[in-house]
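J.: Starting from the given sequences, assemble the full structure and let the hints guide the process.
Our numbering numbers the first residue of the sequence shown as 186 and each following residue consecutively.
If you are wondering where the hints come from, they were derived from the structure by calculation, not from laboratory data. In this text, a Cβ means the ideal position worked out from N, Cα and C, and glycines have one as well. Each hint can be trusted.
FRET-style restraints, in silico, Cβ to Cβ:
id, residue 1, residue 2, range
1, D266, A304, 22 to 28 Å
2, D280, E317, 26 to 32 Å
3, A248, K434, 57 to 63 Å
4, P508, D307, 49 to 55 Å
5, P508, S268, 42 to 48 Å
6, S316, G405, 38 to 44 Å
7, G490, P295, 48 to 54 Å
8, A302, G377, 36 to 42 Å
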Amino acid sequence: MSLTKTWRTSLAVRTGLVGALTSAVCLTSFGYAAQREDTPAPAADSGPATTEEHGKMKKKEAAPFTDATAGSCLNWSVAEDGSVSDFAQAPCEGDHRFEVSARQDLGTYPSSEFGDAAAPPDLTRQAQLRSELCYNPTLRYLDGRFDPSGRYSIASILPPADAWAAGDRTMLCGLQSTDATGTPEVTHGTVGSQDQARVTQPGQCVSVNASNSLGVVDCGEDHQLETTSVVNLLETFPEGVPSVEDQDKHLREACTKAAEDYLGGPENLEKTTLQIYWGSIPSESWIGGSHSVNCSLISAHGESGFNSLRGSATGEFTINGAPPTPEEHPEAANPAPAPAADPATNPAAGAPAAEGTPQ
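T.: Written as structure tokens, this is what we have:
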């Protein structure tokens with residue numbers, strides 16, 4: 186099998202699953218679907234709701250459950266049962282799960298909705314409040330640099346139950362990165378200083394389910410992609426948004442070299458019978474702050490599907506349950522591309538960045 190043919194056919198047929206790539210990204214175009222709908226803080230010592238003043242009972246203003254403001258970062262511990270503890274502010278350069286972009290007071294809403302006796306908003310209303318009160322302030326906080334298809338999502342935090350009951354109506358807006366279950370991950374650094382691309386790391390294997398959602402799995406399980414490298418395209422294209430053609434021109438060489446290095450040489454790559462695949466970044470994601478893509482290995486099933494791999498290509502592995510057979514692998518086979526990363530189901534380590542349509 187010609188290695189030149191490998192990348193040429195990979196590039197030629199990447200258009201075969203562009204529809205799947207696009208639909209997977211659009212599932213979470215605003216970054217809401219993956220996140221846990223409410224990120225509760227632990228119980229706060231809010232004090233009584235009323236106090237006596239001059240012989241009369243007067244409502245006491247509730248103490249907010251946190252004094253965090255825009256630019257603050259928050260961290261907490263999550264137990265196996267999902268309960269939250271140790272909720273506190275943390276340095277943004279260190280471990281944290283949430284970066285505050287705005288602080289809102291739901292008490293300014295009509296008292297009929299969030300009055301003294303009102304229950305906390307349900308999940309549907311929380312999503313509406315995030316859209317109404319968090320989206321635009323967060324964009325301003327980031328100076329417009331946000332990729333809704335990238336690693337981070339816009340989220341909100343409401344007071345814990347006892348603080349809400351005592352009258353605290355604080356809502357924090359902010360940014361977080363979530364795993365496949367929607368649990369906020371530990372991150373480091375401010376979002377504005379990060380590459381927002383959603384990528385997997387070399388050696389990780391990625392499965393594609395029936396709805397074209399991606400998830401990192403153990404390489405011993407069935408999967409469709411194996412990551413060989415992460416390429417930061419900003420280093421190659423520092424002057425502005427590169428065209429898909431320019432990205433492809435650079436990545437066909439970079440990803441071929443990455444695959445050879447990953448497997449220990451071009452001969453080992455040829456023996457696997459796998460094809461090289463790389464992503465590309467659409468202009469809106471580039472402008473929003475995503476600049477990295479994955480190089481991966483795949484086994485194409487015609488022009489519109491994927492064979493199942495089990496085991497890492499660095500050792501013994503199977504394709505649809507059988508070991509690779511180089512002599513039976515036609516040189517002109519057309520490999521299909523992988524679907525784009527779905528932030529809604531992205532696991533802790535992330536998934537391939539959103540793919541563009543090659544021209």
